[in-house]
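Chemist: Protein chains in written order, with this note's numbering: chain A, 1 to 193; chain B, 1 to 193.
In case anyone wonders, no lab produced these hints; they're calculated from the structure. Since the model is a prediction, treat every value here as computed from it, not as a measurement. Errors might be hidden in some of the hints.
Pairs involving identical chains hold if they fit within one copy or between any two copies, as the list cannot separate such chains.
[Said to hold, decoys possible] Mimicking EDC-like on lysine to aspartate or glutamate, the simulated pairs with C-alpha atoms at most 20 Å apart in a straight line are:
| no. | residue 1 | residue 2 |
| --- | --- | --- |
| 1 | Lys-156 | Glu-31 |
| 2 | Lys-156 | Glu-65 |
| 3 | Lys-21 | Glu-190 |
| 4 | Lys-30 | Asp-18 |
| 5 | Lys-21 | Glu-123 |
| 6 | Lys-21 | Asp-158 |
| 7 | Lys-21 | Glu-74 |
| 8 | Lys-30 | Asp-129 |
| 9 | Lys-156 | Glu-47 |
| 10 | Lys-30 | Glu-120 |
| 11 | Lys-156 | Glu-120 |
| 12 | Lys-21 | Asp-125 |
| 13 | Lys-156 | Asp-193 |
| 14 | Lys-156 | Asp-66 |
| 15 | Lys-30 | Glu-123 |
| 16 | Lys-156 | Glu-123 |
| 17 | Lys-30 | Asp-140 |
| 18 | Lys-21 | Glu-31 |
| 19 | Lys-156 | Glu-166 |
| 20 | Lys-156 | Glu-190 |
2 protein chains.
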Amino acid sequence: MTATTPAPTAATERNGVDVDKLIATVNAVKENPALATFQFRARSTWEGGGRSRTTIQRFYGAGQEDTSRTQPFELHGDEPPVLLGTNTAPNAVETVLAALASCLAVGVAYNAAARGITIESLEFDLQGDLDLQGFLGLSDQVRPGYANIALTYRIKADAPRDQLVELCHYVQRTSPVLDIIRNPVPVSVELAD
Amino acid sequence: MTATTPAPTAATERNGVDVDKLIATVNAVKENPALATFQFRARSTWEGGGRSRTTIQRFYGAGQEDTSRTQPFELHGDEPPVLLGTNTAPNAVETVLAALASCLAVGVAYNAAARGITIESLEFDLQGDLDLQGFLGLSDQVRPGYANIALTYRIKADAPRDQLVELCHYVQRTSPVLDIIRNPVPVSVELAD
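Turn these sequences into a full structure, and let the hints guide you.
Modeler: Written out as structure tokens, the structure reads:
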């Protein structure tokens with residue numbers, strides 16, 4: 001054990017992930033693919049101006065309604081003054097960058113654990129370019145969302161670079177949020193009476 | 001003034017939005033489209049297991065580096081126990097739902113203000129269906145991200161339903177996050193040395 005390889009806190013733990021439980025989860029889903037059906041949910045309330053508050057608690061997954069969260073999580077949104085807000089929270093497109101980083105972090109940590117790679121540190125820098133003419137309705141030629149996103153990983157781990165490159169490629173192929181951003185997701189919208 | 005039409009706190013304010021400043025912003029971008037160029041940024045650090053912390057502060061927009069935020073915002077990510085996490089924060093795909101709601105709230109509030117519609121209340125319910133076989137790498141036929149997202153608006157406002165329907169359609173056409181989810185965004189990825 002050196003300073004760069006933290007002692008596991010359980011016999012089967014690597015990167016803070018219970019590797020036996022991870023393998024058991026994968027095998028359970030292999031045997032019963034219905035366990036892979038998840039539904040995630042959120043409820044959001046506008047709070048004036050650019051401000052909103054979203055609560056997240058229950059979801060369905062692994063064959064049942066999840067009740068593990070005793071309190072809802074709260075996420076806040078706002079805009080900076082230059083976009084007519086009051087800077088009480090990040091804006092929506094910034095929150096998309098946070099979701100992408102969070103997703104890739106989980107993917108790297110879990111898949112590294114499954115491969116026996118110990119991650120010492122993992123950071124992401126993200127930037128997204130956006131032309132506001134789309135949101136402002138000033139041009140049909142300009143999309144409202146990001147024109148592109150650039151992402152840089154910085155990983156320190158006990159594996160050679162080619163293994164880390166392969167790990168990152170695998171994580172990118174299987175990342176839910178990267179897929180949501182890179183590929184079309186159908187969104188149905190209803191205005192309640 | 002009635003209970004359902006809050007008094008504006010400034011002569012030009014509606015829905016908590018400075019309507020004069022909104023119109024001035026739109027006109028400034030019309031005259032100088034370079035002002036519409038924005039770059040948003042985030043930096044994220046993995047904290048073990050499924051946990052990560054993202055900080056968001058500076059961005060470029062309206063022709064300059066924005067320095068209005070004296071402190072960074074922090075967003076946290078984690079997974080529930082059924083997904084091998086510790087439930088300290090919402091997961092990444094739940095955060096995507098929050099970003100979508102936040103974006104549509106801004107769009108409704110701002111565009112209603114520009115049209116002279118006063119919003120009394122605005123809520124969103126969101127749900128996203130996801131098949132975990134994609135993330136787990138168990139099937140090439142299953143996408144990792146949401147198969148679909150369903151969104152319901154509940155709006156109380158001083159306008160007839162047909163105007164609210166038209167407002168929502170306009171907001172959906174110009175929503176940055178809805179565009180990011182519904183349509184492909186190129187994402188470039190680099191693994192730093």
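Chemist: List in ascending order the numbers of the hints, as given earlier, that are violated by the structure.
Modeler: Hints 1, 2, 3, 5, 6, 7, 10, 12, 14 and 15 contradicted; others consistent.
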